[in-house]
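S.K.: Spelled out, the chains give:
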Amino acid sequence: MGPLTLIALIAGLSLFGFFLGRWKSIAMAGSGAPLHSRPNHYGSFVLVWTAVPALVVLTLLVIARPLILDQTIRSHLPSDIVTSGDVSLAISGVEQVADGLKAVTPDEYENIHLGVVSARRIFADHGIPLGGDVSPYQLTAAIAANDTERLITLTTTTAVVGALALGLFLAFIRIKPRLRARNSVERVVLTLLIAASTVAILTTVGIVLSLLFQALQFFSMVSPINFYFGTVWDPRFAAAGSSESGQFGILPLAWGTAYISLFALLVAVPIGLLSAIYMAEYASPKVRAISKPTLEILAGIPTIVYGFFALVTVGPMIRDYLALPLGLGNSGNNVVTAGVVMGIMIIPYVSSLSDDIITAVPRAMREGSLGLGATRSETIKRVVLPAALPGIVGAILLAASRAIGETMIVVLAAGVAANLSANPFAEMTTITVKIVNQLTGDLEFTSPQTLVAFALGITLFVITLGLNVIALTIVRKYREQYE
Amino acid sequence: MSEVQTPAPFKTSRTPDAAPRPTKVLTRDVKVVYGQKQALHGVSIDIPEKSVTAFIGPSGCGKSTFLRCINRMNDTIVGARVDGTIELDGVSIWEPSLDVVELRARVGMVFQKPNPFPKSIFENVAYGPRIHGLARSKADLEEIVITSLQKASLYNEVKDRLDEPGTGLSGGQQQRLCIARAIAVSPEVILMDEPCSALDPIATAKVEELIDELRANYTIVIVTHSMQQAARVSQRTAFFHLGHLIEEGPTDHIFTNPLEQRTQDYITGRFG
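Chains A and B are the protein sequences, given in the same order.
At position 238 of the first sequence (counting the first as 1) the number is 251 in my numbering, and the numbers step up by one without a gap.
At position 33 of the second sequence (counting the first as 1) the number is 177 in my numbering, and the numbers step up by one without a gap.
Source of the hints: derived by calculation from the structure; they are not laboratory data.
Just so it is clear, the structure is predicted and the values come from calculations on it, not from any experiment.
Be aware that a few hints might be false.
To be verified - Below, a list of computed lysine-lysine pairs in the DSS-like style, where the Cα atoms sit at most 30 Å apart: (1) K194(B) <-> K155(B); (2) K257(B) <-> K295(B); (3) K263(B) <-> K350(B); (4) K303(B) <-> K490(A); (5) K257(B) <-> K394(A); (6) K350(B) <-> K181(B); (7) K305(A) <-> K394(A); (8) K394(A) <-> K303(B); (9) K299(A) <-> K181(B); (10) K303(B) <-> K263(B); (11) K394(A) <-> K299(A); (12) K155(B) <-> K175(B); (13) K257(B) <-> K194(B); (14) K394(A) <-> K282(B); (15) K282(B) <-> K295(B); (16) K490(A) <-> K282(B); (17) K257(B) <-> K181(B); (18) K350(B) <-> K257(B); (19) K37(A) <-> K115(A); (20) K181(B) <-> K155(B); (21) K257(B) <-> K490(A); (22) K263(B) <-> K490(A); (23) K303(B) <-> K257(B); (24) K295(B) <-> K263(B); (25) K175(B) <-> K299(A); (26) K189(A) <-> K37(A); (27) K303(B) <-> K350(B); (28) K175(B) <-> K263(B); (29) K194(B) <-> K175(B); (30) K194(B) <-> K350(B); (31) K295(B) <-> K394(A); (32) K282(B) <-> K303(B); (33) K263(B) <-> K394(A).
Chain B extracted, bound-state conformation:
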């Protein structure tokens, strides 16, 4: 790849937490190349467990690309190449003993546009547990589905129509269905790629509330374009720009007292 220049030495500004949590996902110098284009120039970050980490930055800054590295979703894109170190609980995600299928079961993903399968609400949630053989009996499966729907605060709205197609729900309900679907596989980490960008403010509020509840049990990484959303739901925030991680730190710190001028400019709306 002659097109890829060695990046100029770049230093991310970091502010640690006052009371640091154990690291769930560790990345060091992650670089991504799509064909001829370098999308990420070496990103290193520690994502603490059982908390919400938000990735912010202008469009095309590489935050979604980085998110998709964590569960190796970039493998499905022809011509994408990922370098660097990514560890889940201290084990490299490229470790031969850790199959990509297992990795994705442990690191779930919620996408930008709600993408329920063209199946019933029940089947949508039961999909993951079925393929992973998590349920021993029909009753088991039903319990998993109901618990997942409850955790996604969707159960009360759909309990009478579990046999109806998931595609018939409203946008906000569909997105919570996708979250329930992800939870049903009992992942440790949930990656959310702009989960609210296709939703109205009421549905967004519900999903944000849900993210806040899920934080007790799951490590959540969320990519968002809404600064308010990052401020509302996350404990730590990372600011990406042009494929670099510019700054990361506690959310209130980033939003009130950023170390970098570029972070300041972005969150006050001067560019991006």
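Next up, chain A with everything else stripped away, as it sits in the complex:
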């Protein structure tokens, strides 16, 4: 039986075990013995003890299977191939032959075995093309591999079915009224919960480690001082093998990121906050029910569409009506365009979260203030907003990390030229854009030109992580003070 059939069998039997265990406990309760746990716990107890050992056995054997096969084939390879070093190529050749042998009819198999016909031609008839004719060692190795595979399949089936039967039987006879079924079931559930949360943490750690490894490789070629304090970004895509490495100063990119994000926040924070105050405090329920989802649509527009908007509408407008009259620039690609469009994109992050937070300020606070003769706006300014402040700061920082990580809008709205300038109408670019730039195209992951992307990535990661930590700290500090 294949693994899928076995999994179906495990599922079916453990479900059967669940009902069996439940039925037995109910029957016992009916005969007067007080149960320690609920009937469902006894059912789950049998389910767990049926499914878990069988799943463990299945997983182990499925993992072991390719390793054992590999070993079998290896042991049949002639010594000259083993010493020549092309072992993996030889193994995959044998595997192909083994696959072919599985497809042929018994008659053909007999003929191949006797060497009457060429295996290559028969295999080709069955749609399995081979690079060359089958050599004798390949045939013996393939036959041995197929025998081993059959054996493993048989073992797996036997072991899983045995584990299922044994688990079901033992768990079923263990059910007594005083069995602490709930405790052991809950322990299994707890393990499951811990495992689930560990996956998320381990993934994060894995991402950081993979970034870190490549970044360290980069820093062995370019000194961190040149990277973090360099004011010129000029990686110079030199021809392969050339020793020329260019300059990798992060400062122009970091400045571009900060400058564009600043403009984005200048747009998003006032608009978002004011609309949140309107929706939470003044709007009638009807208006709120319409305007809030409408505003949230902004968050659902793909960023590339915002990019078009910037490129076609906002950019030329800012160039013609602001940059050119002021004599500060003549490009539609500039910091202001990127900032404004990105600001529009993150408005819902500020407004929607702030709205939820303001609405969550207890009614008692508002009534307390109104009851003292405060006006509505005094109440909002002096009681509601201060109480909601930590959450609002959190919302703004969340929007900020969204802005810092944004790529698409920047490419289309501010360009790709790294530029260290205070002029908001100059072309500029950000860290994420340069990461994309450095990793696009035909690359080898050994040159500083590509590895720099990982150094940029980990720097960005640390910055946004720092922002999140600050946000959480602020929120926690004020929460302690306010509740």
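Following the hints, position chain B against chain A.
M.R.: Chain B only, in chain A's frame:
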């Protein structure tokens, strides 16, 4: 509002005081509708000044709703509609010249659950005087805060930690802080909506003692679920049931010799 029926003629039993005081708040035929539901069916009562009037009655009888009419707190509830006459010192509370903000400054309110602002103890009390511009200088403001805390008999307990958050106080202290906050605006009337329901017996005793002291200077209306509390702190008691004012009169009279059978049943614990 088709759902609202004209109420059957209903007569409140009234027993006047032996020596009547001047009326501070006068209400005639006050009706409240929340959306489709009529919560009050025409309540008329005179609340005498510088004394404590208690509203008693089972949950949902409309006593809190009526209390919230007096400083127009029901305005903040969407779908609430109030009809009838309510006068403060002979002036309608809906008089255009009497702004709702001014009304609420004159008619303070203490809520069921202590609701100090998430600010320091000092700022909590200073809140009202600040927004109304009652203090000319910092020293003035400090004096108002200290006097209010003293009047609420809280000063001695908090004088060393006026900068600490008001939310850090115990429940009873928080409620007295809210009373101090209300006093700081120098109101004429203080409405208290079950001020002791979230407090333990010791804190309740302190607040009751405080109410008794405040009576010398303020008109107090208190909603309470505790018959003992009404008997202990009030001079007059009004009994509400199903949106009607059933009976009102001097407290000792209501508790010893009520005119209405329903009042008798309620105070002896036969229903509600």
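S.K.: It remains to establish, for every hint, whether it holds in the given structure.
M.R.: Hint check:
| no. | hint | result |
| --- | --- | --- |
| 1 | K194(B) <-> K155(B) | 27 Å, holds |
| 2 | K257(B) <-> K295(B) | 20 Å, holds |
| 3 | K263(B) <-> K350(B) | 24 Å, holds |
| 4 | K303(B) <-> K490(A) | 25 Å, holds |
| 5 | K257(B) <-> K394(A) | 23 Å, holds |
| 6 | K350(B) <-> K181(B) | 37 Å, violated |
| 7 | K305(A) <-> K394(A) | 22 Å, holds |
| 8 | K394(A) <-> K303(B) | 28 Å, holds |
| 9 | K299(A) <-> K181(B) | 21 Å, holds |
| 10 | K303(B) <-> K263(B) | 16 Å, holds |
| 11 | K394(A) <-> K299(A) | 24 Å, holds |
| 12 | K155(B) <-> K175(B) | 15 Å, holds |
| 13 | K257(B) <-> K194(B) | 25 Å, holds |
| 14 | K394(A) <-> K282(B) | 21 Å, holds |
| 15 | K282(B) <-> K295(B) | 20 Å, holds |
| 16 | K490(A) <-> K282(B) | 29 Å, holds |
| 17 | K257(B) <-> K181(B) | 25 Å, holds |
| 18 | K350(B) <-> K257(B) | 16 Å, holds |
| 19 | K37(A) <-> K115(A) | 47 Å, violated |
| 20 | K181(B) <-> K155(B) | 22 Å, holds |
| 21 | K257(B) <-> K490(A) | 25 Å, holds |
| 22 | K263(B) <-> K490(A) | 14 Å, holds |
| 23 | K303(B) <-> K257(B) | 23 Å, holds |
| 24 | K295(B) <-> K263(B) | 21 Å, holds |
| 25 | K175(B) <-> K299(A) | 27 Å, holds |
| 26 | K189(A) <-> K37(A) | 9 Å, holds |
| 27 | K303(B) <-> K350(B) | 18 Å, holds |
| 28 | K175(B) <-> K263(B) | 37 Å, violated |
| 29 | K194(B) <-> K175(B) | 26 Å, holds |
| 30 | K194(B) <-> K350(B) | 20 Å, holds |
| 31 | K295(B) <-> K394(A) | 29 Å, holds |
| 32 | K282(B) <-> K303(B) | 17 Å, holds |
| 33 | K263(B) <-> K394(A) | 13 Å, holds |
Hints 6, 19, 28 from the list above are not met by this structure, while the remaining hints are.
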